[in-house]
Amino acid sequence: MSANTTDHVGEHTNKTKLLIRRIIAYVVLVLLTIISLFPFVIMIINSTRSHPEIQKGFKFVLGSSFGVNFKNVFRNTDLPLFYGLRNSLVVAGFCALLSTYFSALTAYGIHVYEFRLKKFAFAFILVIMMVPAQVSALGFYRMMFDLGLTNNLLPLIIPSIAAPATFFFMKQYMDSSLPLEIVEAARIDGCNEFRTFNSIVMPIMKPAMAVQGIFTFVANWNNYFIPSLIIDKKELKTLPIMVATLRSADFLKFDMGQVYMMIFIAIIPVVIVYLALSKFIIRGIALGSVKG
Amino acid sequence: MTKLKRVLCGTMCLAMAGSMLTACGDDSSSSGTNVAEVPQKKEGNEESKNTIKIYVWNQEFQGLFRRYYPEYDAVKSNYDTEKHEKKDTGDDFLKDGKKVVWVVNDNQGNNYQDKLDAALKAQADSEDKVDMFLIEADYALKYVNSGYTKDLSKIGITDTDTAQMYDYTKQVATSEDGTLRAVSWQATPGLFAYRRDIAKDVLGTDDPAEVQAALSDWTKFDEVAAKMNEKGYKMLSGFDDSYRVFSNNVSKPWVDENKKIVVDDALMQWVDQTKNYTDKGYNNKTSLWTDPWAADQGPTGKVFGFFYSTWGINFTLKKNSLETPVDKGGEEKVGNGIYGQYAVCEGPAAYFWGGTWLCCAAGSDNEDTVADIMKKMTCDKDIATQITKDTQDYTNNKEAMDALAASDYASDFLGGQNHIALFASTAPNIKMDKTTAYDQGLNEAFQDAFKDYFNGNATKDEALENFYKAALEKYPTLSK
Amino acid sequence: MASSNKHKSISYAKWGYIFILPFFIVYAAFQLYPMFSTIRDSFYEKITEGLLDLPERFVGLENYSKLFEEGDIFSYFGNTFIIWIIGFIPQIFISLLLAAWFTDIRLKIKAQGFFKVVIYLPNIIMAAAVSMLFFAIFSDIGPINEVYKNITGSDEPYQFFAHIASTRIIIAIINFIMWYGNTTILLMAAIMGVDPALYEAAEIDGASPSQTFWQITIPSIRPILIYVLVTSLIGGVQMYDIPQIITNGTGSPVRSSMTVVMYLNNQISVGKNYGKAGAISVILFIVAAVLSLLVAAFNSKDQIAENRAAKLKKKKMKGAMKI
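If you're matching them up, the sequences are chains A, B and C in order.
Heads up, the numbering used here is the position in the first sequence plus 21, with the first residue counted as 1.
Heads up, the numbering used here is the position in the second sequence plus 148, with the first residue counted as 1.
Heads up, the numbering used here is the position in the third sequence plus 1, with the first residue counted as 1.
Okay, chain A solo, but in the shape it has when bound (with noise of 0.2 Å):
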């Protein structure tokens, strides 16, 4: 194909061209929309539905024991709802903020110093980024049991700290948007390097940790397998588990109606801190891409 070669047809052509892709860009989306917000939608006509009726078979129509569904599941006292959103938050919150700021901590210990084991530890964090969560969760179950350490949100919250992947975003983050430059000048002018992470880098990694900040706080809010080992008193149970612990009810009290319900009610907070953040998630990666 020839450069410079726009005559009226050829833009004609190109015209239709731009108008044909754009209806399928747009059918494609469309579609991709349905598929995205189906598990919401069955989620939510679910919660609208009794137990038989869930049993009878799925269908796209709304039930009428949503208001029974929800008083069923906020009246039952040996599943305490509040306490559960008060301890998911509580877990999420805390591993939301202690991870990204202790990885953008680490990400910049190895960003901007130069030290001996800097290459170690680097190489090292990026091997463990790999290491499944099971390899490790019996010892540290046994670990915690005999520390006493069971029934406790700390050994929930504390090991966030060290996050692999969140600290690999960060680094590469910083490779793209943070110069040395920035950090010299700070030190020019006199802060010391703490103060100078703390008010001048942190505000340049906004984005990156309100991205690292919803995908931890959506990953910790719907972990059940760390927490079902560490937590067995009422009081301290997480969302996950509750929603666990209403799906072995014996057949007296088993009811799908309810279990929809809880993971219904369980979303809205990850929905609306997820639509808070969503413009930085959006902006954020794209600030946060690795580029030349």
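There's no promise every hint is true.
Said to hold, decoys possible - Result set (DSS-like, lysine-lysine): computed pairs, CA atoms no more than 27 Å apart in a straight line:
| no. | chain 1 | residue 1 | chain 2 | residue 2 |
| --- | --- | --- | --- | --- |
| 1 | B | Lys-481 | A | Lys-274 |
| 2 | B | Lys-608 | A | Lys-92 |
| 3 | A | Lys-254 | B | Lys-190 |
| 4 | A | Lys-192 | A | Lys-92 |
| 5 | B | Lys-368 | B | Lys-608 |
| 6 | B | Lys-537 | B | Lys-582 |
| 7 | A | Lys-38 | C | Lys-15 |
| 8 | A | Lys-274 | B | Lys-368 |
| 9 | B | Lys-235 | B | Lys-400 |
Hints in this document: simulated from the structure, not taken from any laboratory.
Here the structure of chain A is known, so what remains is to put chains B and C in place on it, guided by the hints.
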């Protein structure tokens, strides 16, 4: 690149070194089967002595306890005795001021047993003692044949106390040394619940005695299945519906004295029957507790019957039979769905399904209270009668149940039949002397593996191979 | 990264250690120690039977040799890979397409913000809950089977979970739905990082959108593409919750949906066979470590891609760009 390789090697070396270090610090624990009570190294502290700590996996017993245990302090616990529900999330109390703490761990992925095991193993060194825990029949022997359960005669539960319990409920809970280690408030004999309308259509009668005559052994059962098929009905809903009827009537335990897995002929009979039913379309290829299985029990179902035990008939089957659920204003009466269209008969063999047992944890510092809870909840005739009357659950007291059986008790749901009478006559025939501590896992693995055979994904031999694979994964100390 | 930065680091070495210290202390305390005990276990026969901890026995590499002899672990790696690839191919394809559209200046997609937010939403539901929902949808009496019955006129439902292919595909679809938004956002970020001058030049030269995409976009975002591939591969290796819930831990039918981590979990939580579990963990770790070498490889290729981009830029300057 090379740097990273070096780091990787370094990490591995470090890991090896670390593992050697931890290896030194560990001394391995002793072994040997021993049902003698585990000696306690520490006494419970003051708080533990005033707290009854109970491990459960759901809220069933909690509900019964609050409603029927006479020493429960409903006022202090803020329990509504009219609606039978607790009004706040606070603790439960007994009239003598002691606190009741429930440790609820869901059953997902063996979670309940894992938590319970960890607590029991730590019991000797702990100052916060577990007092009581609940178990199910399929894994009862794991706890009954261990030093972590108390011999109940030692805490004052006598043979007289348990005299009215059905024998199988005691067989399941008897330890190797012949002592009783657990008691249950339920007896759960199983029956065959069938659709009256279908019975009339195919067998020409819906009378339980006549239907029973047509189903009294497996050969006859198969003949009826063929007739059902001719008229467009299914005999059973799923693959595993009849499993328990076979597995409760095996001639040998699952595992022999050399720890070798033994597949009983009765189980292979189940395999052949189910394969036959599947290929000929006598069943609906569902599985227990799935939605399609539940739907088959409702108004749109075309399935003749279900093997169900006590609790299943009055709760699950009844709920599933309604057209308009109770939540939506539907009433439990004839005319709503197929309410009143079911009846029960004994079926081809006696069996039981389900049930929960109470154990007293070794080292409990509230033995007297635990003993009292057991006596009231499982040995008391009046409480047993009351539970059955209120909840329609079948309780573990022959005297109480025989009295109800002899009464004019009639179930609307079963078209006026007195099913308690039928339960009372079959329950004494249940035998549970072939149990092992491995039953739960082996039964599950067996059913799962042969599903592939029924569905045509594997040959019988392949399915058997896969069963062994899963079985040895669950119980690595067993052999093929 | 501008090469000038590399040599200008400030020599406050101790601050480097101080800043990375919390990470390493916490990691060592909470993860490293438990990991050591896992590795140690892999050289022992260590089983808990019922409530009884059987005596431990040092067996050297026996756990490993047994695993390789049985050979099941290879088929579970195979299952894991197959399920992963079924989901990953559409995932990378759709994500690339979306990323290209979102960043195409000529296409001017409206309501972009809405679409970008929506495609990421499935990621915020618990994997267990999504699995449950899909199980209901594809059940014998679910809506999909209703449609199937209407189309085929058959009375018998199609039993999706009784067939190997359909079970694997459903697991892959769930993976796809949960992760394509994430991938799209990453790729979009990469595309936005490409020098706009390259696209301008291409437009002046009259390149078609697909030419621009294949000859400018793809080479420029290669590092991120590889990053997406590798992180997704690692996520794939660790695949667990979805097949666990869908098949109730059995990996049915005929163990064809059994993933490696499900296998590992069966040893730990069901069999209490800690020695064998340790060995599987170590093998998993080694596989993951090899993958991490790939990450490192892609990191160093970063430079190559940059060089290429720089070369292209130079060519553009000369006005001799070939398309």
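Hint-by-hint comparison with the structure:
| no. | hint | verdict |
| --- | --- | --- |
| 1 | B/Lys-481 / A/Lys-274 | holds, 21 Å |
| 2 | B/Lys-608 / A/Lys-92 | violated, 49 Å |
| 3 | A/Lys-254 / B/Lys-190 | holds, 23 Å |
| 4 | A/Lys-192 / A/Lys-92 | violated, 47 Å |
| 5 | B/Lys-368 / B/Lys-608 | holds, 25 Å |
| 6 | B/Lys-537 / B/Lys-582 | violated, 33 Å |
| 7 | A/Lys-38 / C/Lys-15 | violated, 60 Å |
| 8 | A/Lys-274 / B/Lys-368 | violated, 37 Å |
| 9 | B/Lys-235 / B/Lys-400 | violated, 50 Å |
Violated hints, listed in ascending order, are 2, 4, 6, 7, 8 and 9; each of the other numbered hints is respected by the structure.
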